[in-house]
Structure formats: C-alpha cells, structure tokens
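Enquirer: Okay, here's what each chain looks like letter by letter:
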Amino acid sequence: MPDTGIGARVLRKEDARFLTGRGHYTDDISRPNQTYAYILRSPHAHAKIKKLGIAKAAKAPGVVAVFTGADLVSDKVNGLPCGWLVHNKDGTPMVEPPHPALVTDRVRHVGDQVAVVIAESSTQARDAAELIEVGYEELPAVVSIAAALKPAAPLVWDQAAANTCYDWELGDKAANDAAFAKAAKIAKVDLVNNRLIPNAIEPRAAIGEYDATSGHYTLYTTSQNPHVIRLLMGAFVLGIPEHKLRVVAPDVGGGFGSKIYHYAEEAIVTWAARKVGRPIKWTAERSESFMSDAHGRDHVTHAELALDGNGKFLALKVLTKANLGAYLSTFAPCIPTYLYATLLAGNYATPTIYCSVRALFTNTVPVDAYRGAGRPEATYVVERLVDEAARISGIDRAEIRRRNYIPRDKFPYQTPVALQYDIGDYHTTLDKVLKAGDYAGFEKRREEAKKRGRLRGLGIASYIEACGIAPSAVVGSLGARAGLYESAAVRVHPTGSVTVYTGSHSHGQGHETTFAQLVCSTLGVSLDNVDIVHGDTDKIPFGMGTYGSRSLAVGGSAMFNAMQKVIAKGKKIAAHLLEAAEADIEFANGEFRVAGTDRKKALAEVSLAAYVPHNYPADLEPGLEEQAFYDPLNFTYPAGTYLSEVEIDPDTGALSVESFTAADDFGRIINPMIVEGQVHGGIAQGIGQALLEGCVYDGQGQLLTGSYMDYCMPRADNLPSFKVDTNVTACTHNPLGVKGCGEAGAIGAPACIMSAILDALRPLGVASLDMPATAEKIWRAVERAKTPKAA
Amino acid sequence: MYDFNYHRPKSLADAAKLLGGSEEAKLVAGGMTLIPTLKQRLAQPSDLIDLGGIGELKGIKREGNALVIGAMTPHAEVAGSPEVKKAIPALAALAEGIGDPQVRNKGTIGGSIANADPAADYPAAVVGLGATVITNKRKIAADDFFMGLFETALQAGEIVTAVSFPIPEKAAYVKFPNPASRYAIVGVLAAKTGGSARVAVTGAGPSVFRLKAAEEALAKSWSAAALGGLKVPQAGLNSDIHASAEYRAHLVGVMAKRAVQAAG
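Heads up: the sequence lines are chains A and B, in that order.
For what it's worth, my numbering labels the leading residue of the first sequence as 1, then goes sequentially.
For what it's worth, my numbering labels the leading residue of the second sequence as 792, then goes sequentially.
Check each hint, because a few of them may be wrong.
Pairs of lysine-lysine, BS3-like flavour, derived with a Cα cap of 27 Å [as the list claims (entries may be wrong)]:
hint : chain 1 : residue 1 : chain 2 : residue 2
1    : A       : K432      : A       : K410
2    : A       : K777      : B       : K1022
3    : A       : K786      : B       : K1022
4    : B       : K1022     : B       : K897
5    : A       : K571      : A       : K600
6    : B       : K983      : B       : K930
7    : B       : K830      : B       : K817
8    : A       : K435      : A       : K723
9    : A       : K56       : B       : K830
10   : B       : K877      : B       : K830
11   : A       : K59       : B       : K830
12   : B       : K961      : B       : K877
Keep in mind the hints are simulated off the structure, nothing from the lab.
Just so it is clear, the structure is predicted and the values come from calculations on it, not from any experiment.
Let's have the full structure, built from the sequences with the hints guiding it.
Expert: Following this line, the structure appears as structure tokens:
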C-alpha cells in the first residue's frame, strides 16, 4: 500500500471535481418550481426612508411577491443576532443595536437591504426592483474612524453616543505606566490597518425551501459553519426548532471568514419560501459582494514599546480605534479585542502589556473576522514597533528579536495578556529563516540593486497566532455566546470501509484529503476506503465549523477520539473472536492482534462481525460507529518568522517583491503539500494587504472600490516564488500535536513586507508608511525625503 | 441587462443601414466595454449591431509606407502579426499589453478607439504615430479624432473601418498600469520620423494628448536626456484614488523618457 497516511504528500481527493468544473456549489443547485430573489439595496450611506412604494413592482411581469421590513416585523421575525458580548472599561455592556434583515425606517450603509423581490426569473426580479419607489431623506454620514470621533459627528445609532460601541481595555494600566517611566528608550508608531474586502471566488448564495406537509425548512447556503447558521437563524431570527430546519453548505468556493456569519439573505429566503410556498434562490452579483460581505481589519493605532539599555522590552502600550461598520456582524466585537489584544505579546517576553480599544460605528459595511482576524493587526503593531526599537537602539533587527523571544525553556509561558502559550521554539525558527533567506548576504544584494538605481530592502517579521479556537469555558467567560468544540462520527461499514462525518467544513482547505489521511494512519484503511462527509446538518453531528485555523486541531482531534472509541470496541469484538482477553489485544496497521502472537483479525473482519453478530460478545451492542465531541484545553499557537526582499524604483515608486521566505511552526503536519498551499495563499493575501488592497469610501460613504477595476487583488505577477520551511514543536494538549496553518501567511506577510519597504526607504529618512503601500505613496515618501527640511 | 434586438450584418453597408435605422442602436466591436456596461444596466440600447460577421473589417496589410489595420482586428492578432512586429514593433508590443488574453482575443482596435476610454492604450498609438482613422464616410487625422472623455469625431451613422499607421523610424510605448484594472495610469508613445517627433500620452488626462514641449525637444535631439528639463503641468490631468494629478504629471515625464530610451 502506498504511504497515504500522516506526513504523505497526497494529491487532493477533491481536486478531481474542482479542477474539472464539477464542483457542486449552492448556485449549481436548483429546486423544483424555484423562484428567484433580488435584494433592493440602499444607494445611500445614511438616509431615512420616508416612503416605500411596492405596488408597481408587485404587478410587474413574473413577480411572485415583494416584501419589506414591515412584513418581517409583522411576522415577528427578529434581527440578526450578535454572537459575542464585550464590556466597557466600567463593566457596562457594549451598545448592541438591532440588525434587521430588511430595514424599516433608516438605511445605514450603501448596500443595506431595503426590500426583496421574488419572481419567476432573476432578471424579472431585478426589473421589478427598479419599480420600487423609495423616498430617501439623506442624512449626513460618518465613514472613517476620524469622522466618527469628531465632537459633533452625526450618529449612526442614536443609542451609541459618540458612535462608540465599546471602550474596552486589557492589562494593568498602572503597572504599564510604571514600567514606561523606567524606560531607557521608547519606540513609538502610529499606523493604520487598512480595511479589506474578502473576495471569495464564489459569491454568496442561498436557497430557501419549505415543505408544508412536514413543516420542514431547508436552507442551502455558502457557509463555513452550517450548524451555527441553523442555530442563529432557527433559534434567534425565525423561531424554527432545529428538528424542522436543515442547513446545507455544499461545496463552498472560499470563505476567508466572510462566510462564517449569518447574513440577512439567508433569513429572507428561508422565511419567504414559506410565504410564497416555493423555493427561492438568491445569488449575489460580484458588486453586491463588495457592498454586503463583511469586510475585514480597519484599525487606527498608536503604540509604544519601552526598552531598557540593552534593547530588552519592558512594556508595551497599544491604543487602538476599530471601525465596526454600521451593524454588529456575528462575531465582530471579539475581533479587535479578544482575538487582537491577547496576541500583543507576540513571540516576546514583554513583562507588561496594556491595550485599550475603542470600537466605533460608521456608515460602512459591517467589519468582522477576515483571514487572521485580529492577529494580523496585532502582529503588524508589534513588529512595526520591534523594527522601530531596533532602529532607535542601533541593534540588528534579527538580533533584537532573538534577544526578546520567549526562551524555549520557558514554556508553558503565561503572557501578560491572558493567553498561556503551551510550546514554541522561536530561536530555531529564526535561525532557519535567516539561513534559507540568506540574511547574511543581503547587504551585497542591496549594493548591487543600488548600482541598477533600485532601492532594495529586507523585511523581517515574527508572528504568533492563537488558533484551534477554543476552550468553550474560556471563550464563554470572555463573552462568547457559543461553545467552540468540534464533533465527529466515524462509521466503519460492515466490509471495513469508513465514512467520517465531521462538523468541520471545507471551503478550499482540502479536508477530504487531510482527514482521510488521518483515518488511514489511525485505522489502517486505504485512502480509497475513506470518505469525509461535511456540510449538512441532517448528516453530521452538531459541529461548529471552520474558521480560525481550527479544523485539524479541534475537528481532527474529535475524529481521532472517535476512532479511539472504534478501536476500543473493536478490541472487545476481536478478543471474543480470538478467544483472548481484551487486555491482550493490540491494534496496529488495521489489525487486531493478540499481543506477542500471530493470531489476528483485520478491521474488516471485526466490522463484519459487528454488523453480522452471530458469534459476538453477549454484552456488547452490534455495530461499529462512534462519535466524539472535542473541546480543546487551550488554543494552539502556531508561530513563525518571515523574510522578504523588495526593490523600489525611486523614479515612480513602483515596487517589486523579489523574494519571500517563510519558516513556520504548525506542529505536526499531516499533508505537507496542502500546508505549503495554505502558506502560499496566506502570503499572497498578506502581500495583497500590504501593497494592493484597500477599501476606499468617499466622504459621503459611497464605495469607490466597488469592483475589480478599482479594488486590487494580488495576482501571480505581483508575487515571487515563495520559499517555505517548517520547524516542528508538537502541540502539547491535543492528541494529534497539530496547531493549524490556514491563516499564518496572511498574519505574518503584511508586517514582513512593510518592514522591507521601510528598510529600503530608511536610508532616505523615511520612518513611516501606511498600507497599502502603493506606488504613489512610496513616490511621495521618497520625494518628501528629498525635500530639504526648513531650518 | 435589459432586452435589445441583436443583429449580425454580413456587410458594412448592411451595418450602416441598421445603424441609421435606429437612434438607440449601438455597434458591438468586441464588446469588452459595452457588454459589462449592459450587464450593470448602465446602458439601454434598443439594438446591438455586431460587426463580427463583416470580413472586410478584419486584417492587417502593408500599403506603401503604412500599415493598415482593419477595425475588427483583435489585439492578439496585432500583437502576434509578423508584419506589425517588423514594421512597427511598438504597436505590436502595445497590443500585447492590453487587458488580459480574453480581452486581447475579443477586443478590437476599432472598438477601442471608437470608445475613446481615457486610459486605453490604442489612442496613444493612433495619436503618437500620427495615424489616419478610416471610416465608411471619410478619413480622419488622428489629431482630429479624439475629442474628449469617451468622445470622438465620429458622427451618427459613421463606422470605423480601419486605421492606417505610417511607419516611423523608431517608436516605443511605455505604460505605468493601474494595478487593479491594468489600464494605463499613464502611457506614453514616443515616435521619431525623419527630423520630427511625436509624443502622445494616454491615461493622464480626460483624453489622449500630445506633449508638444517634449516633441520639440526631441526633434532637436532624439534622446532621453533631451527631456531632462521637461516639466509637465498637472492642470487638467486626472486625479482619482489610484493617482493624483501631481503624480500623473510626474509619471508622464518619466514614461516619456523611458519611451524614448526604449525606442533607441
């Protein structure tokens, strides 16, 4: 049998259908007698609705129904819930405004949902929507963090004074101030973490269906977590009991976080399917995705790092303002708080850390988790400060990191910001990346570039992330309104093949392969004899889904534990068949064996006995199927260090990324090829944030980057070939020793690229630059540096 | 998109007749701008007249000291043509840099110049090489063809049939692309013919324009150094989220020098 188990570079099982155009996505599904929904969206960032006339639209050709917010209210449909409660510094809860699926009296961002038209075709639905008469009274909009903070700023929500959702803090401020008072030097940065638009290749879609004979609803949707949607929509929005609601998330073409959340369109098509008595399909157009998928990032931060005379970090202080948009998306409040401030220790043994975060409402699309979710923001703050600390103290950038890393003998390490890192070895990872990226040879390359008229810079950044979210009790104490365990059911069929039902959801990660490899290694069955089922609440046990690089660490652990139960039961059966004591049975390579003998039964023989129990233990249930829920004991802490080199054309500001080298510690690796693919994709997204991507609104709240003509996604020709390497310290608290790799690239790359750009420009005296570092920004920085300063 | 009547005439005469028969008709010459516009419901023509079936509008031929390119010749054909590569390599290279492979195989030179997008590449070639635009009614000098933002000298019922490019001594096109759309933020075509020079700029202003100061300097001395003191005023230049007028003005100077350098 070829090696297809843990550690093998197995080609992805799912690629046969994905690469030949035979994936089965939500929009590929059509239900008998299906209708089509079109959502009328607000063209204004902020306006009162004075009039909403649907009579003409309702009479238009092919129209089945037109619904407005008033219809939802009269049917007692609730707004979309927020899944995380954050408290203010004074202990009071955050402001939690309503989030209606269709507004009734006021729109709060361009793209806000005003009405839905349901028709025989999507074209007819859209035609009719143009006949809806909306009388808007425009209100002044607040768009940016700066605008939201102005003393007389218009209010997005009347109940949110000064547009503030919460004003939160973490850490001991007095101790922090005291540490700063003793500093020999203080590094300071002011920076912006740019707002990003996720852009999964598959736009969101949803199909609602209702069976009047049984009272069953079905929702097909582009989701990363169908059970979470079932819970949020069933229990909180529509009042449908779980046994009457099935949520199916079939093949999903990328999520990056944006498909975690419960969106209005899902509730609308499910509710309206019953109203019209027919299935309803809605598929976003790309321009709708830009203005209705939750955005990411959008922070403004001032931060300081106190140093002693030897460049050791004494204290870190971070003051952040975060833009949450117009409404609270499902997990929005926890992103700039518990997934951000808790990561500010980075890879360093900084003794005291204080972070204050003020979260603001603006008339923009809601902001929520996006690949990395809080951790790219934290990494960017910390690493910009560390570079600045190196500069002001005259210490080499690699050396100052080495000097401040948490030493490998100090794990488990309790950070001053709540988390306890279980294991890590940052020094070895650094050594690896410095060697692979030829750190020592850089100055020669810089000189050579200079001869060609190019400014070359080297970037370095370390990152840590908290993945495998999360111990339910811990997140519960921090305000989560959900548990964060994962589930798996392992069904060994009579002839010994295996189907695994997982609560994790694959939307591009290759779970069908990675999980199958885990089964191969654990149960000794061949890859062809394993199928992974996910994404359907009628098939899988209650699961929390895929985000935060949690699938293998949490979902894989649940699967492993379920397989241990299978093995334990199999031992009982084998002991009976082999007429041996259960304690003497060993299981390895798919065989139950009496220890020290050649007497054995294959898994298939044992499973056959379990389903045809003619000769079977009297006190044992037939069948060989087990289930496990796994609630992690801690987060996992993948960490790494990246090196990059860029070259700048000073005449135009144009930049090219010349090299990118990554060294990551993801713990134990199941499929190195899939892991490398994840790192490549993450780095590409991180380079996108650093150089190309930035959501821009004008002062009135119109989205200026509403298409690919203006919103720049990274393309192959923006990127070098990546060099990737790994250093392995196995996670200490999950049975697989794994940590997760899905977000690392997007977390470390922005900081690394900005480090390279500032290194290239530093000889000119440029100290700061914000992302995305476009050619014009770089050119301006170069020009400013050339201008002699007034005496 | 909204409903429309679709026509695919076989001859130029039929196309002109159809075009004259409706005030709301639009020509499709590849549709690389028109179709997305229709999909977004930003235009509502009554009739679409697809020029793709008219053989006489396609092809590249040498006529004396000029290259004549049929209006319906796709960019990829210009880019790959041995004739163009030999006579005006700058034109082949420009065509090779338009959009992406799909656009280059569907989009046409006639469609591009009739649309007169301020950031399109072909207008720089038409003006920079001093081409003549040939229509079903007349011949229009390049300098008279582009009138402004999406505005040309074409009159109602007039159809571009070909563009005739005089072959220069040397020429080059250098583009600074918008990273998102890959249209030109600034594109400059510089050409030398005998003792005179032409320099055309696309992307920077509402419409393609000639850089007279640069032309005068290059007529005296064809070298990048001759443009050393070139100052491009920013007044009237485009300013948007991708590039300010000041930056565009600066880039025009840099791209002009690079074009001269590239032309050799």
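Enquirer: Hints first: check each against the structure and report whether it holds.
Expert: Comparing the hints with the structure gives:
In summary, the hint linking A:K432 to A:K410 is supported, as the alpha carbons are separated by about 21 Å, within the 27 Å threshold. For the hint pairing A:K777 with B:K1022, the CA-to-CA distance comes to about 21 Å; that is within 27 Å, so the pair holds. Distance check on the hinted pair: A:K786 and B:K1022 sit about 18 Å apart at the alpha-carbon level, within 27 Å; holds. At roughly 38 Å between alpha-carbon atoms, B:K1022 and B:K897 are farther apart than 27 Å, so this suggested pair is violated.
With a C-alpha separation of about 11 Å, the suggested pair A:K571 and A:K600 falls inside the 27 Å cut-off, and the hint holds. Under the criterion of a C-alpha separation no larger than 27 Å, the hint pairing B:K983 with B:K930 is consistent with the structure, at around 23 Å. As the CA atoms of B:K830 and B:K817 are separated by approximately 15 Å, the hinted pair is consistent with the 27 Å bound. The suggested pairing of A:K435 with A:K723 holds, with an alpha-carbon distance near 11 Å, which does not exceed 27 Å.
Taking the CA atoms of A:K56 and B:K830, the gap is near 23 Å; set against the 27 Å cutoff, the hint holds. Note on B:K877 and B:K830: the hinted pairing is violated, with a Cα-Cα distance of about 39 Å set against a maximum of 27 Å. Between A:K59 and B:K830 the alpha-carbon distance is near 24 Å, which keeps this suggested pair within the 27 Å criterion. Of the pairs offered as hints, the one joining B:K961 and B:K877 holds, with about 11 Å between alpha carbons and a cut-off of 27 Å not exceeded.
Of the numbered hints stated above, those contradicted by the structure are hints 4 and 10, listed in ascending order.
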